[in-house]
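Asks: So you can see what is in the structure, the chains are spelled out below.
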Amino acid sequence: MVSAKMSDPKVWKTCVGAMVNLIEEAAFKFAPDGVRMKAMDPSHVALVDFELPAAAFSEYAVKQPVTLGINLTEMDKILSRAKADDELVLELDEKTNRLAVAFRGASTRRLSLPLIDVREAELQEPKIPFTASAEILAGIIQDGLKDAELISDNVRFEINEEGFFITAEGDRGSTELKLGKGDKGLLKLSVKERARAMFSIKYLTDMTKAAGSAEVIKISLGTNLPIQLDYPIAAGVGKLRFLLAPRVEAE
Amino acid sequence: MVSAKMSDPKVWKTCVGAMVNLIEEAAFKFAPDGVRMKAMDPSHVALVDFELPAAAFSEYAVKQPVTLGINLTEMDKILSRAKADDELVLELDEKTNRLAVAFRGASTRRLSLPLIDVREAELQEPKIPFTASAEILAGIIQDGLKDAELISDNVRFEINEEGFFITAEGDRGSTELKLGKGDKGLLKLSVKERARAMFSIKYLTDMTKAAGSAEVIKISLGTNLPIQLDYPIAAGVGKLRFLLAPRVEAE
Amino acid sequence: MVSAKMSDPKVWKTCVGAMVNLIEEAAFKFAPDGVRMKAMDPSHVALVDFELPAAAFSEYAVKQPVTLGINLTEMDKILSRAKADDELVLELDEKTNRLAVAFRGASTRRLSLPLIDVREAELQEPKIPFTASAEILAGIIQDGLKDAELISDNVRFEINEEGFFITAEGDRGSTELKLGKGDKGLLKLSVKERARAMFSIKYLTDMTKAAGSAEVIKISLGTNLPIQLDYPIAAGVGKLRFLLAPRVEAE
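Chains as they are written, first to last, in numbering that gives the first Met the number 0: chain A, 0 to 250; chain B, 0 to 250; chain C, 0 to 250.
Next up, chain A with everything else stripped away, as it sits in the complex (with noise of 0.2 Å):
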């Protein structure tokens, strides 16, 4: 048995919306102490790690762990007909096999999607010696992303003393942002050792696409490492974390 009910369908919606463009097909596992996906992209430059605690939901109901798979696609169409005041409730249709998605506002809504088998990775979140750490509104990192797409497919990310850059040059031109120490949209600044790396515009647009222009993303970063997008989701109950491989960067 799977019930779980939320006061409000953004959580959802901002996941799996910012997941959609990375990975196809997800298995969420519904437990007892709440729900887990972990996944990575086709290409492995990607990983994608959700959490959502029993105390993220208003109503949590599940007996027995249970894996639902997930084609991100539909469900993320589904999940675009909430409206802003709907109650969303989740409910495994064992019958049929379906995932139910209830929106209860105006009318009550409910638009079921059929499970499907997805290979379950067994996947380690790997250990990453991070030398620096920024929160930044989502909406600064949205603008850096398109300053730099109008001239180059890459970015640079660095986080230093001054505070957090994102960089891009091209032959069409070159793009800079600057969120320094003080600036409103930077809340928090962490450097043990200033960290840079290069990352596909592309896969940074679509971590990032779907929050919020207010809301928070916590960066972390080390020189030619990985890239880490923490999202504080219910308010900061749940987890939601993106994990990007850089790309190689001729110095």
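Keep in mind that the hints were calculated from the coordinates and are not lab data. Any given hint could turn out to be false.
[Unchecked claim] Under the rule of at most 20 Å between Cα atoms (straight-line distance), these lysine to any residue pairs were calculated in the SDA-like manner:
id, chain 1, residue 1, chain 2, residue 2
1, C, K145, B, K208
2, B, K82, C, A105
3, C, K183, B, G104
4, A, K76, B, K145
5, A, K187, C, A105
6, C, K145, B, V61
7, C, K183, B, K145
8, C, K76, A, D170
9, B, K208, A, A105
Given chain A, put chains B and C in place with the hints provided.
Replies: Relative to chain A, chains B and C alone:
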């Protein structure tokens, strides 16, 4: 002589916007007591019935009945140029054989379109033994149709003692909208006998998409009978009615 | 050395946005007293004349006159990244031969584009014997052009004692916009002699679409003469002028 003035262009904009996807050419009969138009779509699945009495206009001067053949696509483009505060004036220019649509607002704009020959069909509106009806906010119907569209081309409408239902079923899942007694969006429910029938989503979407989400649509239904949609246009003085034949439903 | 600062990026955004559809490359002359640019479109039908005196900038430092060749499409993309509250800084980076456009707001963003070689034409602005002029809200002109676009590629502008008129005629109908004396959108009317001429809708649309609907455009007209459009940019300190040759009109 035909000259008709309204303080709000919305009535014509909504009506023509709802018709334009079903029928291409329409014969509007301007008579001393008001305007009438009745037409079937080319595949004879849908019927439009439109009436706007003289009382719906702020000024109305038609001496002799005259039938104006209008290309609805062109008329819709012209009406889309209306601004919310504009006053609308329709005038027959007999010399050029054109209908002039004037918008009086910040400036006076006059867009005129050539009249065309449209064969006037003598359409008898069928007498249908509906067994149930409901008055529903247009936005609710639009939501149910958009949900259903995700997984099918057809949708089932049902009215019973519990309320109003829109359901769809397909390989990619199923959707159900329930609007129960007591729900805000259900303004009236009248059931002699449970009624349900299946319809094309495309047709229903075309018929309802020009309505504002807070406007009320009256649905009349009978099992495997055509559906009737009534819009209370011009504060109930006018009438816009659609009839749509059901799809055969294997049960 | 070139460094110029404005508290509002809108002036450049509007001007470059209005030019970009007419000319692809422009030679901006930065002199100690301000910036100038004059260019014709490739088909020699339209002329752009742009002047922004040093006084229009909050800070302006240009020691020696220098001409910067700029690809307007790239410049427009960069300016489209400006946010309403951003401060704009233009700077010549002589080492890399690039123009840097910096936006200072929530973060500091610096987008730079390579300078190009642009042949500087010595354009003499023609002296045209206009016989009438009008100052009009841009939104009114935009509306008249959009109306006319429904049925034709050409539009007739007329200024006479009664007011300002935009008319079009085609197989699919006709449109007329009348902005009379006393109408709010007509800020000034000056008529020595009735003036009318026909122009390409596409060109006029390109020239006016970057303007906010509440901005004022001054139109100067003479019968079968070019039309002159003046924007009072930077609170009247600057100048953006378009001249467009008339189409031969069979009468």
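Asks: For a quick check of understanding: which of the numbered hints are violated here, in increasing order?
Replies: 1, 2, 6 and 7
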